[in-house]
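Student: Okay, here's what each chain looks like letter by letter:
Protein chains: 2
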Amino acid sequence: MSITRPLGFLASASKAGLKPSGKPDVALIVRELIDDAGDRQGTAMAFTRNQLIGAPVVIGRELRRRTLAGDLSPPGVVLINAGNSNAATGDQGIADARRTCEVAAKLLARPTDAVIPSSTGVIGRLLPVQKIVDALPTLVNGLARGDGPDLATAQAIMTTDNVHKSAFRSLTIDGFAVQLGAIAKGAGMIAPRLDSASRAATPSATMLAFITTDAAISSEALQRALDLASDSSFNRITVDNHASCSDTVIAMSSGLATRASGTGGDDSGVLMRPLTPGSPGFVAFSAALAELCADLSHQIVRDGEGATRTFTVTVKGAPSDEDADRIAREVVNSPLVKCAVHGRDPNWGRVVTAAGNAGVPFDATRASLDIGPVAVFANGRPIPEALDNPALKIAVSADDVRFTLSLNSGGGSGWMTGCDLTTEYVRINADYTT
Amino acid sequence: MSITRPLGFLASASKAGLKPSGKPDVALIVRELIDDAGDRQGTAMAFTRNQLIGAPVVIGRELRRRTLAGDLSPPGVVLINAGNSNAATGDQGIADARRTCEVAAKLLARPTDAVIPSSTGVIGRLLPVQKIVDALPTLVNGLARGDGPDLATAQAIMTTDNVHKSAFRSLTIDGFAVQLGAIAKGAGMIAPRLDSASRAATPSATMLAFITTDAAISSEALQRALDLASDSSFNRITVDNHASCSDTVIAMSSGLATRASGTGGDDSGVLMRPLTPGSPGFVAFSAALAELCADLSHQIVRDGEGATRTFTVTVKGAPSDEDADRIAREVVNSPLVKCAVHGRDPNWGRVVTAAGNAGVPFDATRASLDIGPVAVFANGRPIPEALDNPALKIAVSADDVRFTLSLNSGGGSGWMTGCDLTTEYVRINADYTT
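Residue numbers (this note's numbering), protein chains in the order written: chain A, 1 to 434; chain B, 1 to 434.
One chain only, chain A, in its complex shape (with noise of 0.2 Å):
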C-alpha cells in the first residue's frame, strides 16, 4: 500500500481512452472530510518552473497561491490522466481542465476548487473532455482503500515509465503513528526545477508525484517541509536535462493519525496537534518527507528512458552550494559523461571538462577527482597508475557510479543524480509519436 495507507485517503483509477495501448489513464484521490480540521489538514504543491506550463498548473498555481492565502479550504482532490498533458493548448485548454474538475467537484459532492487536475503525456493536443468526463462516475464509484487502488492509480499515471513508483515511510511523533505514502511517475523529460512557494528557489520532467500522510499539518507547514524536501531529492536528478510543463507534487495531509500503539492509556479519540515548523516534531516529518521524495527520485532516474545504470556527481569546495549545484548539474548532463558511464568507461576528462564548462570559475590546478574510491586526478594533475587500479574498474560498473569533484575553491558543496545515454533511449525518443 501506498497513497491510501495513511488515514483518510481513497483512490481509484479507470480507462478514458487516452493512451493508445488503451490501458488505465484516469486516476482520482480523494482526502475524507472532517469537522473542524482547522490546521490539521494541509495541501502543499511544488510546480514546474517551464515558462511554459500546462494548463492544470496554471490552476493548480491558483489553487495555492489561495491556499496559502487562507482563502480557500486546501483542495483535498486531485484528479489525474496520462496521455495528454493539456499543455501549449491556450484558453481552451484551461477551460478544459475546469471542466473536468466541475464534473469530478459535483460527483463528489464537493466545489469545484476543491479538485486538483494534473495531466502528462503529448504537449499540443486539446483535452478529449469528453472522454474524462465519461469516466468520471466509474473513478468515483471506484474510490476504496487497499493495495488495488494503490497499485491502479500508481500504474494508471504511467507514460513512458517501465515500472510503476511508490514509497512509504512511517514514524511516531509525539506518541502518534504517523505515516506517509506516495506515488509517482516519471523517465523522461526529468529534470524537475519546482518552483517553491515559501521561498526562491534556484534549481527543472514530466515528473508527477503525489503525496498523503495522516499527520496534521496545516498547509503552510506541510509547504515548508515539501519545499525542502524537493530541494534535496526531485531537483536533484536529470534524465535528460528538459524540464517538463508539466511537473507537479502534492502533498496532502489528513490529520488523521491514531496514538502510537504502546503509549499507554486509552487515547482513543485523542487527535494528533497540528506540526509547527521549527518544533521537533516539524523535523523528524520533515525527514522523512525528505526521505520519501529522495525513494521516489531514485526510482524515477533508475526507470530514466533507455537507462542502465544510475551516476551521482557530487561537488565540494566550491565557491558557493549555488557554484556547487551548477556544477553538478553540468557534469551530470553531459552527453559525453552519459556515454562514458554506460560504457564503464573510467574517461575522467570528460567529467572534469564538463565541470569547467558550467560557468563558475574555480582554480583547475588545485582540483582532484575520485571516481568511487580511487583518486585519478588531484590538484590538476593526472594520477596515471588510477587506470591500472582494479577497484576503478569495480567503481565505473556501479549500478550507481560515483564520481567526487573536490575543488578547494570553496565551502560550497552540492550533488546531482543522473543516468546513462543509451542506444535504447535514442531509440524511445526517436520513435515516440507525437
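Keep in mind the hints are simulated off the structure, nothing from the lab.
Check before you lean on any hint, since a few could be wrong.
Because identical chains cannot be distinguished in the list, a pair is counted as satisfied if it fits within a single copy or across any two copies.
[Claimed, not checked] Below, computed lysine to aspartate or glutamate pairings styled on DMTMM-like, alpha-carbon distance capped at 25 Å: (1) Lys15 with Glu102; (2) Lys23 with Asp345; (3) Lys316 with Asp91; (4) Lys19 with Asp147; (5) Lys19 with Asp388; (6) Lys316 with Glu385; (7) Lys393 with Asp431; (8) Lys106 with Glu32; (9) Lys106 with Asp36; (10) Lys23 with Asp431; (11) Lys131 with Asp388; (12) Lys131 with Glu385; (13) Lys19 with Glu385; (14) Lys23 with Glu424.
All values reported here derive from a predicted model rather than from experimental measurement.
Given the coordinates of chain A, assemble chain B onto it according to the supplied hints.
Tutor: For chain B alone, kept in the frame of chain A given last:
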C-alpha cells in the same frame, strides 16, 4: 588548396605515433618572414572559455596577451598534434608543450615564442614529448605549398572526424587580390564558447581551426575581425553541449597579397596597406572571414558524431539578443528535440518546452513556432491541422531542419545550429577509449 593558397604560408604533416590508428598526427603551419612586416602581418587567437584548459591554451593565451600588448612579434608558427590534448596534465603539461615548441623553433631558426602549440585528443595523459620531437625534423623538411600539404595537414589534425574540413574565400580589397584559407577539425566535444580578446564574450569541442590570409592586417585588427566572425559561426554550433578544454582558433596574416589582375599598370612590388578597423576594406575582409568560419562551422556540425542531419533554431522577438541566444541554445541541446529531429517527428511540444526551460521569462501565450514554412503553434495555441500538412513532412526531413520561434516579447533575435542524436552517437562515445 586551403591554408597555403594565400601567399606566404607553408604546411606539412607527419606521423609521430600518437594515434592508435598509426595515421598522421602532427602538423606544422609556418608563415614566411618578411622584412619590415610592421602592421601588415598579424596573428589572432581565440580559445575555449572552459575553466580547465589544456597546456597549449595556457601558452597560447600568454602569447596572445604579449602580442596584443606589442611586446611580441606576432607568432608565425603553429605546431599541432592530434591524439593527446595535453590537458589536465598540470605543470608537466606546460613544460612538455614548451619543449616541443623549443625544438621546432630551433629547427626553424626562430625564437621559441614564435611557435603556438595546439593539441587535441585524450585528456589527462602526459604528452609523449619525445615522439613529437622525433617527428619534427621530418615536419620541418616537409614544409611546402600546395594541395598535398594542405590535405595532409587537414587530415593529420582529425580525431573522431569522418571527413577533413577546409574552406577558401577570395575577394578584392583596394585593388588587391586577398585570399583566405582554413582547415578545421571537430566532431565531438563540440559546443565552442570562444573567449574574445577584444571584448567580453557571452556565448562551448575540441574544435581546432587554423586560418591563413595574405591580407595585410595587424594582430589587433585581425583579432577584432576573428572575434566578430566567431560569434556568428563557431559560437553558434553544438554537437553535444560539452565545451572542450582545447578549443582553439588561430588566424595569421602574411601581408603578401598582390595586385588583382586587370587593375592596370605595373604594380609589381606594390604592397597592400594594412586594413584599419572601420574602413570599407576591413568590413569586406571581416565579412569574408565570417563566411569562411561559418563554412567551417557548418562542416563541423554536419560531421557531428553520429549525425545524420542538422537543425537550426532561430529565436525572434526575445527580450534581448542574449536571451534569444540562450533560448536557441537550450532548444538545440535538448536530447528530446535532437531525437525528434532524428526521427523526422514534428514533436513541436519538445521545442517549446525546451525554450521555456532556458531561464528567460517570456509570455507563452504570445509565442509561435514554425517548422520550415509551416506554423504549428501560434499565440500559445496549437494548430492541429498543421500535422496533416504535407509541407510539414518535407520540412522535418530536410538536411537542415528549420525551427523559428517567435516570442513577441521584445526585439532580440539569435540562432544556434545543432545535429540530431542517434544510436551511432552513443556507440561512438560509449566505446571511445580513454
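Student: The structure should be examined with respect to each hint, and the outcome stated for every one.
Tutor: Hint-by-hint comparison with the structure:
1. When the C-alpha separation of Lys15 and Glu102 is checked against a cutoff of 25 Å, the pair qualifies only within one copy, where the shortest distance is 19 Å, while the shortest distance between copies is 75 Å.
2. Taking the shortest alpha-carbon separations for Lys23 and Asp345, only the inter-copy value of 24 Å comes in at or below 25 Å, while the best intra-copy value is 39 Å.
3. Taking identical chains as interchangeable, the C-alpha atoms of Lys316 and Asp91 lie at most 25 Å apart only when they sit on different chains, with a minimum of 23 Å there against 46 Å within one chain.
4. Taking the shortest Cα distances, Lys19 and Asp147 sit within 25 Å of each other inside one copy (23 Å), while across copies they are farther apart (60 Å).
5. In this assembly of identical chains, Lys19 and Asp388 lie within 25 Å of each other by CA distance solely across copies; the values are 21 Å between and 50 Å within a copy.
6. Taking CA atoms no more than 25 Å apart as the test, Lys316 paired with Glu385 passes inside one copy only; the shortest distance there is 24 Å, against 52 Å between copies.
7. When the C-alpha separation of Lys393 and Asp431 is checked against a cutoff of 25 Å, the pair qualifies only between copies, where the shortest distance is 15 Å, while the shortest distance within a copy is 34 Å.
8. For a Cα distance limit of 25 Å, the shortest separation of Lys106 from Glu32 inside one copy, 16 Å, qualifies, whereas the shortest one across copies, 87 Å, does not.
9. In this homomeric assembly, Lys106 and Asp36 come within 25 Å of each other (Cα to Cα) only inside a single copy, at 22 Å, whereas the closest approach across copies is 91 Å.
10. In the homo-oligomer, the alpha carbons of Lys23 and Asp431 lie at most 25 Å apart inside one protomer (20 Å), although the nearest pairing across protomers, at 38 Å, exceeds that limit.
11. When the C-alpha separation of Lys131 and Asp388 is checked against a cutoff of 25 Å, the pair qualifies only between copies, where the shortest distance is 23 Å, while the shortest distance within a copy is 61 Å.
12. Only between protomers do Lys131 and Glu385 lie at most 25 Å apart by alpha-carbon distance; the minimum there is 21 Å, versus 63 Å within a single protomer.
13. Proximity of Lys19 to Glu385 under the C-alpha cut-off of 25 Å is restricted to the inter-copy arrangement: shortest distance 21 Å between copies versus 53 Å within a copy.
14. Taking the closest pair of Cα atoms, Lys23 and Glu424 come within 25 Å of each other only inside a single copy of the chain (23 Å); across copies the shortest separation is 33 Å, beyond that limit.
Comparing the model with each numbered hint stated earlier shows that all of them hold.
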